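S.K.: Chain by chain, the residues:
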Amino acid sequence: MTYLLIQLIIWAVSVLILTALVAVVARRIFMGRKYAILDREKERHSGLLIALSSGAKIESEKALTARPGSPSWSAVEEFLFKGLDTPGREEAIRLFDELGYTRHYLERIRKGNRWDQALAAEKLGRIRCQRAVPHLIEALSSANKDLKLMAINSLGSIGDEAAIPHLISILKRSLKDEEEVSTRVLKSALISFGPAVLRDLLSELDNDDWRVRATVLEILCEINDMAALSEFTRKLRDDEQEVRAKAAKGLGRLGSPDAIPALLHSLDDQDWVVRLHSARALGLIGDEKALRALKETLCDRNWQVRAAASEAMAGIGASGCLELLRVYIEESDQYAREQALDELLRADIYSRVAGLLEREDILKDHGKTADMGKGADPVVQIAGMLSTLGPDKLREALSSISGKGAGDEDAILKVCKSLKENQSRFSGAGSQGN
Amino acid sequence: MEILSLKLITWFNHLVLAYYFAANGIYLLLLVLAAAFIATHLSRLEYGRYQNSIHPSVAPPVSLIMAAFNEETNIVESVRSLQHLGYPDYEVIVVNDGSTDSTLQRLMDGFSLKRVNVIYRDAISTGRVRGFYVNPDFPKLIVVDKDHGGKADSLNVGINVSRAPYFCSVDADSILEDSAITRLMRPIIEEPELVKATGGIVRVANGSVVKGGRLVRVELPRDSLSMLQIVEYIRSFLFGRAGLSQLNSLLIISGTFSMFHKKTVQAVGGYMSNTVTEDMELVVRLHKYLREKKIKYRINFVPDPICWTEAPRDLRMLKRQRSRWHLGLAESIYIYRKMLFNPRYGRIGLFALPYQLMIELLGPGVEITGYFVVSLSFFFGIVDKYFFLLFIIMAVLIGIFFSMAAILLEELSYRRYRGLKDVLKLLFFGVVENFGYRQLLALWRTQALFKFLFSKKKKWEFVKKSGFTNEERNDRAV
Numbered sequence: 005m006t007y008l009l010i011q012l013i014i015w016a017v018s019v020l021i022l023t024a025l026v027a028v029v030a031r032r033i034f035m036g037r038k039y040a041i042l043d044r045e046k047e048r049h050s051g052l053l054i055a056l057s058s059g060a061k062i063e064s065e066k067a068l069t070a071r072p073g074s075p076s077w078s079a080v081e082e083f084l085f086k087g088l089d090t091p092g093r094e095e096a097i098r099l100f101d102e103l104g105y106t107r108h109y110l111e112r113i114r115k116g117n118r119w120d121q122a123l124a125a126e127k128l129g130r131i132r133c134q135r136a137v138p139h140l141i142e143a144l145s146s147a148n149k150d151l152k153l154m155a156i157n158s159l160g161s162i163g164d165e166a167a168i169p170h171l172i173s174i175l176k177r178s179l180k181d182e183e184e185v186s187t188r189v190l191k192s193a194l195i196s197f198g199p200a201v202l203r204d205l206l207s208e209l210d211n212d213d214w215r216v217r218a219t220v221l222e223i224l225c226e227i228n229d230m231a232a233l234s235e236f237t238r239k240l241r242d243d244e245q246e247v248r249a250k251a252a253k254g255l256g257r258l259g260s261p262d263a264i265p266a267l268l269h270s271l272d273d274q275d276w277v278v279r280l281h282s283a284r285a286l287g288l289i290g291d292e293k294a295l296r297a298l299k300e301t302l303c304d305r306n307w308q309v310r311a312a313a314s315e316a317m318a319g320i321g322a323s324g325c326l327e328l329l330r331v332y333i334e335e336s337d338q339y340a341r342e343q344a345l346d347e348l349l350r351a352d353i354y355s356r357v358a359g360l361l362e363r364e365d366i367l368k369d370h371g372k373t374a375d376m377g378k379g380a381d382p383v384v385q386i387a388g389m390l391s392t393l394g395p396d397k398l399r400e401a402l403s404s405i406s407g408k409g410a411g412d413e414d415a416i417l418k419v420c421k422s423l424k425e426n427q428s429r430f431s432g433a434g435s436q437g438n
Numbered sequence: 007m008e009i010l011s012l013k014l015i016t017w018f019n020h021l022v023l024a025y026y027f028a029a030n031g032i033y034l035l036l037l038v039l040a041a042a043f044i045a046t047h048l049s050r051l052e053y054g055r056y057q058n059s060i061h062p063s064v065a066p067p068v069s070l071i072m073a074a075f076n077e078e079t080n081i082v083e084s085v086r087s088l089q090h091l092g093y094p095d096y097e098v099i100v101v102n103d104g105s106t107d108s109t110l111q112r113l114m115d116g117f118s119l120k121r122v123n124v125i126y127r128d129a130i131s132t133g134r135v136r137g138f139y140v141n142p143d144f145p146k147l148i149v150v151d152k153d154h155g156g157k158a159d160s161l162n163v164g165i166n167v168s169r170a171p172y173f174c175s176v177d178a179d180s181i182l183e184d185s186a187i188t189r190l191m192r193p194i195i196e197e198p199e200l201v202k203a204t205g206g207i208v209r210v211a212n213g214s215v216v217k218g219g220r221l222v223r224v225e226l227p228r229d230s231l232s233m234l235q236i237v238e239y240i241r242s243f244l245f246g247r248a249g250l251s252q253l254n255s256l257l258i259i260s261g262t263f264s265m266f267h268k269k270t271v272q273a274v275g276g277y278m279s280n281t282v283t284e285d286m287e288l289v290v291r292l293h294k295y296l297r298e299k300k301i302k303y304r305i306n307f308v309p310d311p312i313c314w315t316e317a318p319r320d321l322r323m324l325k326r327q328r329s330r331w332h333l334g335l336a337e338s339i340y341i342y343r344k345m346l347f348n349p350r351y352g353r354i355g356l357f358a359l360p361y362q363l364m365i366e367l368l369g370p371g372v373e374i375t376g377y378f379v380v381s382l383s384f385f386f387g388i389v390d391k392y393f394f395l396l397f398i399i400m401a402v403l404i405g406i407f408f409s410m411a412a413i414l415l416e417e418l419s420y421r422r423y424r425g426l427k428d429v430l431k432l433l434f435f436g437v438v439e440n441f442g443y444r445q446l447l448a449l450w451r452t453q454a455l456f457k458f459l460f461s462k463k464k465k466w467e468f469v470k471k472s473g474f475t476n477e478e479r480n481d482r483a484v
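These protein sequences, in sequence, are chains A and B.
Under my numbering, residue 438 is the last one in the first sequence; the count climbs by one each step, no gaps.
Under my numbering, residue 484 is the last one in the second sequence; the count climbs by one each step, no gaps.
Simulated from the structure, these hints should not be mistaken for lab results.
Every value quoted in this text rests on a predicted model; they were computed, and no experiment measured them.
Among the clues, some could well be false.
[What the hints assert, rightly or not] Here are the simulated DSBU-like pairs of lysine-lysine, each with C-alpha atoms no more than 35 Å apart in a straight line:
#1 B:K431 <-> A:K46
#2 A:K424 <-> B:K302
#3 B:K299 <-> A:K38
#4 B:K299 <-> A:K176
#5 B:K427 <-> A:K149
#6 B:K300 <-> A:K176
#7 A:K180 <-> B:K269
#8 A:K115 <-> B:K302
#9 B:K299 <-> B:K268
#10 B:K268 <-> A:K46
#11 A:K38 <-> B:K431
#12 A:K176 <-> B:K217
#13 A:K176 <-> B:K268
#14 B:K217 <-> A:K299
#15 A:K149 <-> A:K115
#16 B:K217 <-> A:K149
#17 A:K180 <-> B:K299
[Claimed, not checked] Covered by chain B, per the in silico footprint, the following chain A stretches (three or more residues, Cβ under 8 Å):
#18 102 to 115
#19 120 to 126
#20 183 to 191
#21 330 to 337
Using N, Cα and C, we set each Cβ at its ideal position, and we do this for glycine too.
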């Protein structure tokens, strides 16, 4: 009995091994043949892609007709999708419809298994099929999570405005954890609509749920339309810090100088994230009017805000760097000095000054005119400011902003000497700097 | 006394058989789960291209962190291969872990880097950072030079420097496919609140053609040791990890290429510096933290072949590598022993950790002892031929089945080895690995366990690799 049982086990395991082995080989042979047929079909229909690429109209539609799922069907479909990136884009979309692909995939959305449904929704979106919009909107209430996700993405790709209220509604539900769907994909779909989505989104900015308000601002920020400027500014006064931070970020993206007063006010916000985004926004707007407030923000109690302020100052340009240098040389706050130095190193101010000193022609020009007033090269102003320092302080400052420390003493001494020799030429700049 | 010894031996023989039944039963369960997991994944992969159409701003930024210690052979090529990955927003942070060779110099020359002194804030405590190197022409790249402190310390420096909400650890000797980050990020984009980490499949690149740090053609190696490792990797990743991921019980996601949610990792204190395998230790700690905080989460496995690595080409290096892995496993289980069989940690405490302890950690010891004791028992007539036959079936024959099944899964899914000859070769080595190779690995792992239990010296075993040659078949003799 035991022997029989063992015999049985041996047979069972051996059969399993042989089955797996045969399955591997059979599958390899089968797939090899399948791909060979597919390659032949691709070869047969290769003219389609050439015609689409040249923008020609396809006359022989009948030759392209095939049974759904057949190698010929797959080959033609592949070329139609490739044709979307060619001048024959419209022709590819027309053929997709004419050859029965649209009908087939619309049917798959209704009757396919969960993966077929999702794949059909994805393909209809990729081809930007307008006819699919009602079906995709209907799919938004499906229990099939994958179908829902693909429907959201495809509605964004197609860009039919009829879908906007549905997508916003699903976004609100998902933010309240009433719906399990990726908010990232939802945001992406809404961003795809561009300014067309503005009206519907702006009306949500007074939603009771702060998560909705913040997410709407995030989407508006990506759409980057000036029509939202006043709303972003208004939301800088929202009760919720996350909303205020997103509003500041959006204003930075818009880059309008009109937002500067409100952002300067937000640099004193009680929440550090709001202060951080306000500083960054001011840097993105790049107006020198913000320099003074940003300079004060270098003494903020939060290091991330200090870092954002220094980055913003450098972002404003060489005049910002000049202010950073002034902070490094004159400021008593150790953290502010360190932060300023950090940014000066990133901006590679030392190399720019050293480069300037090597360009005799520039020095001569500035020497001749001695015009260091408004509009002068800020690097010259930086050089001018450095040249007014005492020898020890100058060497120490150059050593720090070069990032080389004592490692490159000779080069630093050479720059020191050159700055001092040309101090008179920079005098205008020096006084300007001071 | 003699009767007692006989009883003990008989008892042990039955224990060995019971172990094999239990282990093979679990493997069978994992195989079924993995098959379902991979089938679902492949079906979903077909419409995964939707990721290309999503707006770049909603794809979360990612920091790729590469810890490099004495990697002068590959480093420039490896970093260059990371510059053109198909993902909208990522940065590459290379941490030179106090290399004693010219790793840093090669990086500086290769990318014309310039030293900048930026403020370094160690949110996670690390060794001393010496400097930062950048070049505006490579805005995605930042090189950090630091005192030698080990891989975990280097990764922690990378986390501190990182500006992205997700980071991915990448080994300096690994090759990523262009879509690697996109694929690894898909579960995160779809369920950003839930997924805290993802790990991909690591494949053996030995034999394949590598050009400019990129894998241009997948080919099988000529040497047997690499072939055996290829089959082993397929089995381990395709049904081991895929099955465990299905149960959300993944304790190991390879440090060679894995993605983490930075804030969660920071919350647990980053990588632990004094462990042998920092990747497993971190994953177990994440499970512990998330379960204790009652946070809903998933640690996902992505079964796409997206990362390729060089496997050891000689037995000495292979032994070192496997001993290190086993030592790391023992260490991680020991550190978190309080989680074992603890219902507070759900399936991690009741299944994943006990599985790692009983099957993966202690299993090789039982296996090796079993070969000797059962064979000698049969020789001396303590067990009958049926018992011995059953043992052979459980120890070898079923092993062959699992190897075949793994190759079948590979064939049904990714088919990275193109020719029929390649498949036959894989099948052949799937059989061969059960006669000597698996037993050798079990022996090394048992030795490593003894080393863990009885030796005080548990130093990091450095595994030397030859490096990928440019524009030629990466196929050196053993």
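S.K.: All the hints need checking, so say for each whether the structure fits it.
M.R.: The hints, checked one at a time:
{"no.": "1", "hint": "B:K431 <-> A:K46", "in the structure": "holds, 31 Å"}
{"no.": "2", "hint": "A:K424 <-> B:K302", "in the structure": "violated, 65 Å"}
{"no.": "3", "hint": "B:K299 <-> A:K38", "in the structure": "violated, 51 Å"}
{"no.": "4", "hint": "B:K299 <-> A:K176", "in the structure": "holds, 27 Å"}
{"no.": "5", "hint": "B:K427 <-> A:K149", "in the structure": "violated, 41 Å"}
{"no.": "6", "hint": "B:K300 <-> A:K176", "in the structure": "holds, 25 Å"}
{"no.": "7", "hint": "A:K180 <-> B:K269", "in the structure": "holds, 23 Å"}
{"no.": "8", "hint": "A:K115 <-> B:K302", "in the structure": "holds, 34 Å"}
{"no.": "9", "hint": "B:K299 <-> B:K268", "in the structure": "holds, 17 Å"}
{"no.": "10", "hint": "B:K268 <-> A:K46", "in the structure": "violated, 46 Å"}
{"no.": "11", "hint": "A:K38 <-> B:K431", "in the structure": "holds, 22 Å"}
{"no.": "12", "hint": "A:K176 <-> B:K217", "in the structure": "violated, 48 Å"}
{"no.": "13", "hint": "A:K176 <-> B:K268", "in the structure": "holds, 27 Å"}
{"no.": "14", "hint": "B:K217 <-> A:K299", "in the structure": "violated, 50 Å"}
{"no.": "15", "hint": "A:K149 <-> A:K115", "in the structure": "holds, 16 Å"}
{"no.": "16", "hint": "B:K217 <-> A:K149", "in the structure": "violated, 41 Å"}
{"no.": "17", "hint": "A:K180 <-> B:K299", "in the structure": "holds, 21 Å"}
{"no.": "18", "hint": "102 to 115", "in the structure": "violated (count 0)"}
{"no.": "19", "hint": "120 to 126", "in the structure": "holds (count 4)"}
{"no.": "20", "hint": "183 to 191", "in the structure": "holds (count 5)"}
{"no.": "21", "hint": "330 to 337", "in the structure": "violated (count 0)"}
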